Amino acid sequence: MKVSTSWLSDYISLENVDINELAEQITRSGIEIDSVESLNKGVTKVVVGYVKTKEKHPDADKLNVVTVDAGQEEELQIVCGAKNIDAGQKVPIALVGAKLPGGLEIKKAKLRGVASQGMVCSAKELGLNDKLLPKDQQEGILVLPPETTIGTPIEQILNLNDQIMDFDLTPNRSDCLSMLGAAYEVGAILARDVKLPEAKVAENASLASDSISVKISNPELCSHFAVRVISGVKIGPSPQWMQNRLMAAGVRPINNVVDVTNYVMLEYGQPLHAYDADRIAGSQIEVRAALEGETIETLDGQERKVPAGALLIADAEKPIGLAGVMGGANSEVTENTVNIVLESAKFDGGAVRKASRHFGLRSEASQRFEKEVDPARVIPALNRAAALIAEYAGCTVQQGIVESGGDGTEPLVIPLSLTKLNQFLGTEISSLEAKTILARLHFECGDLPDNVLEVKVPTRRGDITRDVDLIEEVARLYGYDKIPTTAIEGPTTQGGYSKPQLLRRGIRTMLTNGGLQEVISYSFANREAETLFPALREGRHSVKLAMPMSEDRSVLRTSLIPQLVDVAVFNRNRKQENLALFEIGSVFQNEEPELTVQPKEIPMLGILITGLRQEKQWNSASDKVDFYDLKGAVESVVGFLGLTGQITYEADRPEGFHPGRSASIFLDNSHSKQRIGVLGQMHPDLQRSKELDDTYVAELKLEPLFTADTRAIEYRDLPRFPSVQRDIAVVVANEVTAASLIKAIEDSAGELLEKVQVFDVFTGSKLGEGKKSIALSLVYRHMERTLTDEEITEVHGRAVAALEQTFGAELRK
Amino acid sequence: MRERLEQLKQEALSELSGAADAGQLNDLRVKYLGKKGALTEILRGMGSLSAEERPVIGQVGNEVRGAIEAVIEEKQQKFEQLETERRLAAEKLDVTLPGRPLKQGGVHPLNRIIQEIEDIFIGMGYTIAEGPEVETDYFNFEALNLPKNHPARDMQDSFYLTEDLLMRTQTSPVQARTMKAMEGEVPVKIICPGKVYRRDDDDATHSFQFNQIEGLVIGKNIRMSDLKGTLLQFSRKMFGPNTQIRLRPSFFPFTEPSIEVDVTCVKCGGKGCRVCKNSGWLEILGSGMVHPRVLEMGGYDPEQYTGFAFGMGVERIAMLKYGVDDIRHFYNNDIRFLEQFARH
Chain B
1 MKVSTSWLSD YISLENVDIN ELAEQITRSG IEIDSVESLN KGVTKVVVGY
51 VKTKEKHPDA DKLNVVTVDA GQEEELQIVC GAKNIDAGQK VPIALVGAKL
101 PGGLEIKKAK LRGVASQGMV CSAKELGLND KLLPKDQQEG ILVLPPETTI
151 GTPIEQILNL NDQIMDFDLT PNRSDCLSML GAAYEVGAIL ARDVKLPEAK
201 VAENASLASD SISVKISNPE LCSHFAVRVI SGVKIGPSPQ WMQNRLMAAG
251 VRPINNVVDV TNYVMLEYGQ PLHAYDADRI AGSQIEVRAA LEGETIETLD
301 GQERKVPAGA LLIADAEKPI GLAGVMGGAN SEVTENTVNI VLESAKFDGG
351 AVRKASRHFG LRSEASQRFE KEVDPARVIP ALNRAAALIA EYAGCTVQQG
401 IVESGGDGTE PLVIPLSLTK LNQFLGTEIS SLEAKTILAR LHFECGDLPD
451 NVLEVKVPTR RGDITRDVDL IEEVARLYGY DKIPTTAIEG PTTQGGYSKP
501 QLLRRGIRTM LTNGGLQEVI SYSFANREAE TLFPALREGR HSVKLAMPMS
551 EDRSVLRTSL IPQLVDVAVF NRNRKQENLA LFEIGSVFQN EEPELTVQPK
601 EIPMLGILIT GLRQEKQWNS ASDKVDFYDL KGAVESVVGF LGLTGQITYE
651 ADRPEGFHPG RSASIFLDNS HSKQRIGVLG QMHPDLQRSK ELDDTYVAEL
701 KLEPLFTADT RAIEYRDLPR FPSVQRDIAV VVANEVTAAS LIKAIEDSAG
751 ELLEKVQVFD VFTGSKLGEG KKSIALSLVY RHMERTLTDE EITEVHGRAV
801 AALEQTFGAE LRK
Chain D
1 MRERLEQLKQ EALSELSGAA DAGQLNDLRV KYLGKKGALT EILRGMGSLS
51 AEERPVIGQV GNEVRGAIEA VIEEKQQKFE QLETERRLAA EKLDVTLPGR
101 PLKQGGVHPL NRIIQEIEDI FIGMGYTIAE GPEVETDYFN FEALNLPKNH
151 PARDMQDSFY LTEDLLMRTQ TSPVQARTMK AMEGEVPVKI ICPGKVYRRD
201 DDDATHSFQF NQIEGLVIGK NIRMSDLKGT LLQFSRKMFG PNTQIRLRPS
251 FFPFTEPSIE VDVTCVKCGG KGCRVCKNSG WLEILGSGMV HPRVLEMGGY
301 DPEQYTGFAF GMGVERIAML KYGVDDIRHF YNNDIRFLEQ FARH
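Note that the protein sequences, when read in sequence, are chains B and D.
Just so we're aligned: 137 in our numbering is position 137 of the first sequence, and the numbers increase by one with no gaps anywhere.
Just so we're aligned: 117 in our numbering is position 117 of the second sequence, and the numbers increase by one with no gaps anywhere.
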C-alpha cells in the first residue's frame with residue numbers, strides 16, 4: 001500500500017515529523033516500510049501556462065510555435081514538438097532557468113531559426129510515472145484541467161512535494177490497506193489523534209427506496225449490502241488533487257464517478273461499485289449464488305462462465321456483477337450515464353478469494369474483500385462517496401440508504417490480564433503504561449477486578465481476537481528493545497542426537513575423512529532418468545508432482561544414484577573427472593500406483609566414484625578407480641557400524657549395472673536375510689550415453705543398518721602366545737568365489753584359525769582354461785599356549801582338504 | 001732400545017698426521033702396530049734385555065703403542081664423521097616437492113552449517129526432531145493455524161502431490177508432529193533441520209528446494225524474554241561474541257506475537273556495508289510465541305503452557321557466513337565449489 005504523506009495529513013497531523021524517521025518507527029512497530037519516495041525528482045521553475053496561439057513552424061513539419069501566457073511579464077514564444085498541443089490548453093511550462101529531473105536545464109534557444117523561451121513539459125519530463133495517464137498524454141505533453149490557475153508553480157498543482165511511504169503489509173494487517181488504517185497506525189506510534197473525513201450527504205426529495213430495493217439471498221456469503229441512488233450525474237474528469245492522490249497510490253484516473261469510488265476505497269478500505277441505474281432491469285438488486293450455466297460479460301469485455309455457487313449481483317433479468325471481483329459490462333458507467341446506483345457491501349472474504357482465483361482476476365477491490373473489510377465502514381464509505389460524487393459530478397443524492405443485513409459492527413470485548421501480559425513477555429509493564437498504549441490505538445479500555453483490563457477492539461482490527469493479540473499490540477508499541485533478555489527457567493534438559501542421527505553424522509565424518517565429498521542433490525527428478533536404477537524400488541512406484549515446474553523436476557526421486565550420476569555429468573562437463581561423491585538423503589517410494597497416503601521416505605546412502613584414484617603426481621601413479629575401491633568404501637561403512645560379519649555380497653545383475661561387475665548387498669543375520677543395497681559399475685552402454693568414464697555407484701538403505709543388532713565394544717585379551725602363518729595357493733575354477741573358499745576354510749579349521757586373507761589372485765594360460773589361482777594366508781593361534789607343529793599341520797591339513805574336496809582345488813606347490 | 005721406540009713413535013705420529021683417508025690410516029696401523037709391524041719388530045728384541053730392564057722397556061713399548069693407537073682412533077672417528085656427512089649430503093631432497101596427501105573429502109557446506117547449529121543447540125539442551133518431507137495439508141498448514149482459504153497461504157506457493165499431500169513448505173509441521181507425539185508432556189525443547197520446497201523460480205537468491213532449521217520450546221512460564229535470551233545466546237555462538245540482536249514485530253500465523261530477528265552484520269559488525277545494505281543489520285530469523293491455537297491443536301492448554309518457536313534459512317546463513325553470492329551453487333555440486341569447504 002502506497003501511502004501519500006500529504007494525503008495522510010488530512011487525518012493526522014504530521015507537523016514536525018521527519019518522514020524517514022517515521023518510516024523507521026513504523027517498521028520497528030511492525031509494518032515494514034519498503035521505501036520512502038519523494039515525488040519531486042528535481043523540478044524547479046515550472047509553472048502553469050495557457051496556450052494562446054499555435055502555428056506551424058515555418059521550417060519544420062513536426063514542430064509548432066506556440067505563444068503562452070505563463071503569468072510572466074511578457075508572453076512567451078515556445079517551439080514544441082508534441083502532437084497533442086493545442087491552443088486553449090493549460091500546460092506545464094519550464095521557464096528559462098528551470099531545472100528538470102535528470103539535470104536538464106532550460107535555456108533560451110533557437111530551434112530551426114525560431115526563438116524558444118522555455119519548454120512545454122510531458123509528465124515523464126516532470127519525473128512522473130506516466131503509465132497511469134491516458135495514451136496521448138504519455139506520448140505528448142501533460143494537459144492540465146482548464147480551471148488551473150496560470151502561473152502557479154507546477155509542484156503545487158501536481159502535489160510534487162509529497163512523499164510516498166510503501167507499506168509492505170503482512171496478511172494480518174489488511175486494516176492498513178486504507179489511508180484511515182494507516183492514520184490509526186501512525187497515530188498510535190506518534191500518540192496523535194485521528195480526524196475522520198467529512199461525509200455529509202445533501203439529499204434531494206426523492207426516496208431512494210422508491211426506485212430500488214435490495215435482497216441478500218445467501219447471507220452466509222454477504223453480510224451487508226447497501227446502495228444509494230444518485231441522479232443527474234455529469235461524467236467528466238475528477239479534480240486534479242484527487243487524480244494526484246490516485247496516481248500517488250498507483251491508481252489510474254478515469255472519470256469523476258469511478259475516481260471517487262477508487263478514492264474512497266483507498267481512504268476507507270471499502271471497495272465500492274457504481275452501476276448505471278438506467279441499465280438495471282426491474283427495481284430489485286439481488287445478491288445470490290450463481291446457478292448452473294450462468295455467464296456474464298465483465299468490464300474488461302470478457303464473456304465469463306460463472307461457476308455455480310459463486311456470488312453474483314443480479315437484477316431482475318441477469319447478473320450485473322461478480323460480487324467483489326469485477327462489475328458487468330451491461331451496467332457499466334459510461335460517458336452517457338445520468339443516474340447511478342452506488343454499492344457498498346461486505347462480501348465473504350473466502351468467497352471473493354475463490355472467485356478471484358477462479359477467474360484469475362485480482363484487483364484492488366478483491367484484495368480488500370478477501371482479507372475481510374471492516375463491517376463498520378460499509379455505510380460511512382457509501383456516504384463519503386455519495387457526497388464526493390454529488391460535489392464533483394454536479395448531481396444530487398436521493399434520500400436514504402437502501403440496505404440489507406449489516407450486523408457485526410459492535411467492538412469485540414476482550415479481557416486482558418496484566419499479570420498474564422507481564423508473565424508472557426517477561427516484563428513489568430504497569431497498568432497505566434498498558435492503558436496508555438491501548439488508548440493510542442483507540443482501543444477503549446475499562447478496569448475489571450484482579451488487574452484485568454476490559455478492552456474494546458474496534459472492528460477495523462479484525463486481526464485481534466484474543467488476549468495474546470492484545471499482548472502483541474502492547475508489546476510492539478512498548479518496544480521489543482525494552483523486553484529483557486532471560487534464560488529459560490525450570491529443569492535442565494539433556495540435549496543430543498538420536499541413534500540414527502548420530503550414525504548418519506558418523507558415516508558422514510568417516511566418508512569425508514576417507515576422501516569422499518558430500519553432495520546434496522534435488523529431491524525432484526526427471527521421470528525418465530529416474531527409472532535407470534530401479535533395483536531398490538522393489539516394485540514400488542514413483543510419486544509425481546501435480547504441477548511440476550519442468551519435466552526435469554517432475555517426480556520425487558526413488559533413488560540417489562541418478563542424481564549422483566547427474567552430478568558426475570555436471571562436473572565432467574567442467575573437466576572435473578576424478579570424483580568420489582556421496583549423499584545421505586531420503587528417497588520417496590509409494591506402494592500403490594496412485595498416491596493416497598504419504599509415500600515411504602527411505603533414508604539412503606549413495607556413493608559414486610569415477611576417474612583416477614588420486615591426481616597424478618611426481619611420486620605416485622595415476623590408477624583409475626575400480627570396483628574394489630567402491631566396495632572398500634561400502635565395507636568401511638559397514639565396519640564403522642559394527643556389522644562386518646552380518647553383511648554379504650552376492651553377484652547380481654541389477655538393471656543399469658554392468659552384468660559382471662555388480663552385486664547385491666545383504667544384511668544376513670540370525671533373524672533374516674534382506675537385500676539392503678546394490679553396488680557395481682554403471683552399465684557401459686549407460687556410461688557411454690552419459691559420456692562418462694568407468695563409473696562405480698552404490699546405494700544402501702540406512703534404516704536396516706541402523707536397527708541391526710550390534711555387539712557393544714568389548715575388550716579382548718591381547719595374545720600372549722605367538723601366531724603361526726601358513727600361506728597356500730590353490731587353483732580353482734573361475735566361478736569359485738573368494739568368499740566361498742574363505743567360508744570353507746573357516747568352517748573346517750575351527751577355533752585355532754585366527755584370520756584368513758586373500759593376498760593374490762591371478763589367471764594365466766599356464767593354469768589352464770577357466771581357472772584361476774588364489775593365494776591365501778592363514779594365521780593360527782592358541783590364546784593360552786604356543787601351538788605345536790603337529791597341531792598346526794593337522795588343522796591346516798583339514799582346511800586344505802576341505803578346499804580340495806569342495807572345490808576340486810589343486811594346491812600349487 | 002728406548003731410543004728406537006721413541007724414534008718409532010715420532011716417525012709414526014708424523015706419518016699419521018699426513019693420513020688423508022680411512023684406507024691410509026689402516027695401512028699405517030698395519031705398518032706400525034700390525035703383527036709384523038715396526039713396533040712388534042722392535043719389541044721382539046726384548047729377550048736380550050736384562051731382567052731389570054725388561055719391565056721398564058715393556059712399559060715404554062706400551063706407552064708408544066697407546067700413543068699411536070690414540071691418534072689412530074681420533075683420526076678414524078674424524079674420517080667416519082666426514083664420511084657420514086658426505087653420505088647425508090648426497091641424500092639431500094627437494095623439500096619443496098609436494099608430499100603424498102591423506103585423502104580428505106568434505107561435508108557439504110549446508111550440512112556444515114546444520115551441524116554447527118545442531119551442536120550449539122544440543123549444548124543448550126535441545127534434541128533434534130525430524131519429520132517427513134511429504135506432508136499432509138493438515139500438518140503443513142492447518143495445525144499451524146493456517147486453515148484453508150487463509151490469506152497467509154499466499155505467502156507460500158506449494159508443490160502439491162494430491163489435494164491433501166504436498167512437499168512441506170516449512171519445517172514447522174515438525175512442531176505440530178512433535179507436540180502430538182509428546183502428548184502434553186513438558187518441557188519440549190527441539191530443533192528440526194530439514195529440506196523444504198516452495199514454488200519459486202530459481203535465481204541467485206531463490207531455490208525451489210532449500211533447508212530450514214526450526215526450533216520449539218514449550219513449558220510452564222516460557223516467556224518472550226526467554227526467546228530473546230535464547231536467540232542472543234545462539235547468535236553469539238554462531239556469529240561471534242560481540243553479535244547484537246534486534247527484534248521487529250512481524251506476522252506468522254503460528255506465532256503471536258511474531259518477531260523478525262536481525263543480527264548485527266556478519267561482514268561489517270554493524271557499521272554498514274554492501275552485505276547489509278548499509279543498515280548494519282541482517283534479517284536472519286523468524287520467531288515468536290507459539291500461537292494459542294497451535295498449542296491447543298497440539299494438545300497443550302494455552303492457559304497453562306506457553307512456548308516459543310523460531311526458524312531460519314540454512315542457505316541464507318551459509319551465504320552470509322561464507323560470502324556465497326548464488327544459492328544455486330549449493331545444488332549444482334560443482335566439486336570446485338564444494339572442495340572449498342573441506343577444511344576446518
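Keep in mind the hints are simulated off the structure, nothing from the lab.
Heads up, some of the hints might be wrong.
Part of the chain D face toward chain B, derived, beta carbon under 7 Å [claimed, not checked]:
| id | residue |
| --- | --- |
| 1 | 105 |
| 2 | 159 |
| 3 | 161 |
| 4 | 178 |
| 5 | 182 |
| 6 | 184 |
| 7 | 187 |
| 8 | 189 |
| 9 | 207 |
| 10 | 209 |
| 11 | 210 |
| 12 | 225 |
| 13 | 335 |
| 14 | 337 |
| 15 | 341 |
Derived DEER-like restraints, expressed as beta-carbon distance ranges [what the hints assert, rightly or not]:
| id | chain 1 | residue 1 | chain 2 | residue 2 | range |
| --- | --- | --- | --- | --- | --- |
| 16 | B | 439 | D | 278 | 50 to 58 Å |
| 17 | D | 206 | B | 124 | 43 to 51 Å |
| 18 | B | 775 | D | 206 | 54 to 62 Å |
| 19 | D | 205 | B | 737 | 41 to 49 Å |
| 20 | B | 431 | D | 301 | 38 to 46 Å |
| 21 | D | 206 | B | 439 | 40 to 48 Å |
| 22 | D | 301 | B | 717 | 52 to 60 Å |
| 23 | B | 777 | D | 206 | 27 to 35 Å |
Each computed BS3-like pair below joins lysine-lysine, with the alpha-carbon atoms no more than 25 Å apart [to be verified]:
| id | chain 1 | residue 1 | chain 2 | residue 2 |
| --- | --- | --- | --- | --- |
| 24 | B | 354 | D | 148 |
| 25 | B | 616 | D | 103 |
| 26 | B | 2 | B | 62 |
| 27 | B | 2 | D | 277 |
Here the structure is a predicted model, which means the values were calculated and not measured.
Don't be surprised by glycine CBs; every beta carbon is placed ideally from N, CA and C.
Here is what the structure says about each hint:
no., hint, in the structure
1, 105, "holds (4 Å)"
2, 159, "holds (5 Å)"
3, 161, "holds (6 Å)"
4, 178, "violated (13 Å)"
5, 182, "violated (13 Å)"
6, 184, "violated (16 Å)"
7, 187, "holds (6 Å)"
8, 189, "holds (5 Å)"
9, 207, "violated (9 Å)"
10, 209, "holds (6 Å)"
11, 210, "violated (10 Å)"
12, 225, "holds (3 Å)"
13, 335, "holds (5 Å)"
14, 337, "violated (10 Å)"
15, 341, "violated (9 Å)"
16, B:439 with D:278: 50 to 58 Å, "violated (37 Å)"
17, D:206 with B:124: 43 to 51 Å, "violated (33 Å)"
18, B:775 with D:206: 54 to 62 Å, "holds (59 Å)"
19, D:205 with B:737: 41 to 49 Å, "violated (54 Å)"
20, B:431 with D:301: 38 to 46 Å, "violated (26 Å)"
21, D:206 with B:439: 40 to 48 Å, "holds (43 Å)"
22, D:301 with B:717: 52 to 60 Å, "holds (59 Å)"
23, B:777 with D:206: 27 to 35 Å, "violated (59 Å)"
24, B:354 with D:148, "holds (11 Å)"
25, B:616 with D:103, "holds (14 Å)"
26, B:2 with B:62, "violated (39 Å)"
27, B:2 with D:277, "holds (22 Å)"
Comparing the model with each numbered hint stated earlier shows that hints 4, 5, 6, 9, 11, 14, 15, 16, 17, 19, 20, 23 and 26 do not hold.
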